[in-house]
Amino acid sequence: MAGEESILRAEKIYKNFPVKTNRHLTVRAVSDVSLTIRVGEIYGLVGESGCGKSTLGRVISYLIPPTSGKVWLNDTDLSALPKKELRRQRQNIQMVFQDCLASMDPQQRVGDALTEVLRVHSIGDPAQRMSAVIDIIQQVGLRPEHLFRYPHEFSGGQRQRIGLARALLLHPALMVCDEPVSALDVSIQAQILNLLLDLQQQNHHSYLFIAHDISVVKHISDRIGVMYLGHLVEEAETEELFAHTAHPYTKALLSAVPDISKRHEEERIVLKGDLPSPIHAPSGCVFRTRCPYATAACAEAAPELREIAPGHKAACHLCK
Amino acid sequence: MEEQVILDVKNLSTTFHTERGDYQAVSGVSFQVHRGEILGVVGESGCGKSVTSQSILRLYDERREACYSGEVLLEGRDLLSIPIKEMQRLRGSEISMIFQDALSTLNPVLTIGYQLREPMRIHEKLSRKEADLNAVELLRLVGIPEPEQRMHQYPHELSGGMRQRVMIAIALACRPKLLIADEPTTALDVTIQAQIMALLLSLNRQLHMGVILITHDLAVVAETCSRAVVMYLGQVVEEAPVEELFRHPLHPYTQGLIASVPHLDDPGKEQLHVIPGTVPFLEDIPTGCRFAPRCPYATDQCRREMPQLQEAGSQRVRCWHIRSEGGV
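Protein chains in written order, with this note's numbering: chain A, 1 to 320; chain B, 321 to 648.
The set of hints was computed from the structure by calculation and includes no laboratory data. Being a predicted model, the structure only gives us computed values, none of them experimental.
Under the rule of at most 35 Å between Cα atoms (straight-line distance), these lysine-lysine pairs were calculated in the DSBU-like manner:
no. : chain 1 : residue 1 : chain 2 : residue 2
1   : A       : Lys-70    : A       : Lys-251
2   : A       : Lys-251   : A       : Lys-320
3   : A       : Lys-12    : A       : Lys-272
4   : A       : Lys-70    : A       : Lys-83
5   : B       : Lys-497   : B       : Lys-405
6   : A       : Lys-251   : B       : Lys-589
7   : A       : Lys-272   : A       : Lys-251
8   : B       : Lys-405   : B       : Lys-449
9   : A       : Lys-20    : A       : Lys-84
10  : B       : Lys-497   : B       : Lys-330
11  : A       : Lys-70    : A       : Lys-84
12  : A       : Lys-83    : A       : Lys-20
13  : A       : Lys-83    : A       : Lys-12
14  : A       : Lys-272   : B       : Lys-449
15  : A       : Lys-12    : B       : Lys-589
16  : A       : Lys-272   : B       : Lys-589
17  : A       : Lys-272   : B       : Lys-497
18  : A       : Lys-70    : B       : Lys-589
19  : A       : Lys-70    : A       : Lys-20
20  : B       : Lys-589   : A       : Lys-320
21  : A       : Lys-12    : A       : Lys-70
So here's chain B without its partners, still in its complex pose (with noise of 0.2 Å):
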């Protein structure tokens, strides 16, 4: 029952300019996102999620900081080669994007109904009063109570869960195909975080669009995905449904995050697994692998050529290793 394919990243790198020189952080980075499901993107801080992501959208500046390459296909059109007018139509009504930081993204000046009608006005050119009708709707759908008196408040009256879900529904007052969330529950305190994940997987079941769920949280990922994307220094390293991801995981990265993780069923106190090293800044990525310097099991293959994706199975590792012994 393969459904749909919405989004078909093929190839994606950014460039960004700065004083020092340029740096790609992000670097051929491909993966489809499915109608109806949710992608998991995951990795440390640093590894191009983030950049990723706000690349789909074309949200950093072309002329001045940074270039793009490759292909982003919605629905078959390829969003880096439109008109920038384009793009911006296109922005909140058939791709939106949830942030990590709700209470910086709200403007603070504005009442929650008004940046609610906003987008519906923009895009569906619906009147005031339609659009206010629908604005409740939403807050309804996202499980705000009182939603007619929350319309009339502004962003600092409500509490950093409340804040999340008011992002949330404006983020799908126009029925967006697909929905980009990044770090959405990152700043949250864990019973609001589970609050938050249980919202986007109904509403994902509910309206039936892809979501792409960027986290540096596995748990949050193996609880909520179906699939996961690894990524290590702007690179995909690993992509595979999410049981296989955890029960098999192939790439030495990606079995390292997770096994570095302490458990709640874990016995406590001993040593947990490190992956030595840090990640390298982007001035300095390794030739070869970019892993290659903090893996038990480099070889000098592993350090002079670079792997590329391939299959193994249901899954997709950017591994030397695979080949040969059919896993790590």
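So that you can see chain A by itself, here it is in the shape it has in the complex (with noise of 0.2 Å):
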């Protein structure tokens, strides 16, 4: 089970980019999010297209850096590190994607792909990273002579194996998941799932997990952070966070799911309009244009994520 003690901490991450066509204007991708995941939890991080939770994956994993912010993985800052051991404290953190496909070389074997992985790092000679790379690609429920293989040879499900391997190969501290079943059928992501759960029992790995399908999210994680347009509006275990949903996008979002236990008669919270412009963010609280409950209060202070019970934090004028 997870301790209390934390593998990797996020303080006050800004993340902005810049507006290609108007140097006036920037995007806010990620506005002062703060955040722990501890040694051996799956921490699983939920919102809607467009609220930064990707944005987010990258910095964390350091593929890009902050606009301000910290993030620090045991006790390293990686932004205070020079590029030489920041890639070698990469190792620690790894990446699986949505897309597999994309991020293979279509014209390199799954195999080659594989030990390149261990050589750019310089781990083992060539016969260690061969029989290391066949023990992964057994773990993830694939078979050795599939390393042979080129990328499209293999289906959704069976890539979605292979970007795992890649990931686990360097028996990283936290694995970064972004996206990893969205694009699969739901028998094949009940594969994948079930493969992530018994890969991080074995290794006691942590995880964060970038979904948006809140039923997935639930189904895989021990405690949930749920963003909104580049804020963490609420964070709290998982059971506790639908057991006592306090801010109202989480509440929105919980009861747009549908559900095949749910009917249409049963009453759900609808929100209205779309989610505002993260270069034109609304003042004060950002949910404020669509919350039912926001009051005038909500234009005018940005409320703070605070903790509402042991563990349980959220960021609204109206939880007590």
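Assembling the complex is the task here: the two chains are given apart, and the hints tell you how they should meet.
Pasting the structure below:
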């Protein structure tokens, strides 16, 4: 089970992107997000498209540096490291992407692509690398002869297994999975989710699991953070979040999820309007333009993410 | 209170001609759509659900691409045997379709207003003024704020949810008897999906048309449809009223599919049910029952002979085990 010890801490992360056509505008993709991932836990990050969850995942794995804020891996401040040292540290954080076909070289056999991971980090000799790769490919449920095939010869589920194998090869302390199952059919999605849970129980890696599908995130995570327009609006242990949902956005999100056991006669919170643009985010609370409970106070001051119950944080003026 | 049948699909098959030979993507599909109902067609990718819907509209080129067999009766008239000119007249007026990706379906260089007026001007020969008035009314019907201004905008100026609403408005322009919605919310976020599904439900009630909702998402079917058809590898494997389908699925594939979806009220962190293996390619369709290689109950008979769809109470199932034990 997850301890209190943390593997990764992100402190006051901001990430802005310039708007190419207008120098005076910036996209505020992530604003003031702090979070901690504990040793051996699966932290689920959920939100709709454009909420900044993938950007946050990329900042945490230091694929892109934050505009401001710090990322601590164990006790190392990643922002203070020289390039070479950063690269060495990055072995400890590995990413799995949604579309594994796009992240693989179509002209390279899977086996070569996997051994290359070890080669660039100068791990072992060729024979050792090969045996490590054969070992990992079996762990993810494929066979050694698959190593001689090209990426296009695999199905979506098999490709996702290869993506997992590639990330696991380096025995990272933290796996960042960005929508790893959202391109898959449900029966294949179930296979991959089971595999992820099995691997986590065997290896005790920590995971940051990013997805838009809240049923999937709930199924797999120990703790969940909910993002909206670049902000972390609620965070709690999975059971607590579903038992005592506090933020109006989380409530609407949960209510919008279709479920086999629900029928359309049931009351549902249907949010009005669309997500505002992260270039012109609303003043005060970012959710107030779509919030059914918004008051004048919500337009004035941005609510802080604060603890409303032990381990349960929410950013809303109305949460007591 | 049996409603009148609008669409009766009988034994529809679609075969594609490719360089590597002919493949039958849809094999002997039959179902009916009644007035005022939403029929769900569910299945995983490659099961033939989209090909079925596009075959109803005869969207594949019959001279080169594909050939159809069977019957598609729209109020008794067989769409597969009428001249293609006649078919074109029916598309957009009697039967309309909305697709998953509204941005690539709408024309980027024409205004929303132009695209809304077009079907009314072609099919109903309305003047530009009359069509204009109707178009604004339609935009209001699908819940678009400030419809007069939207008429002059281009598709890229609207959000994903708004574009899907415009698509629906265009599809409804000539008051079709049948609306085919092919994954209408798959590209949308859940909060927007909830808006669009609520809209489809209320339009279905107001306009009393038949709707075929094609989706991979069982939960969407559970919430919006009255009946559903489950497809696997080009065939219907089960058809049932939605309550029955989810409470008491009969086909092993339906059972597996329902069990592999994580639910919000599950305890979590438990192993999900898995259907072993993957959907085979059309080149190597199994002999006998098409699901047999992945089915936990498969017997020699299943692997040898193809089961037919048979009645089981209010359900229809394609499985050898139904007759013997009355359910698996």
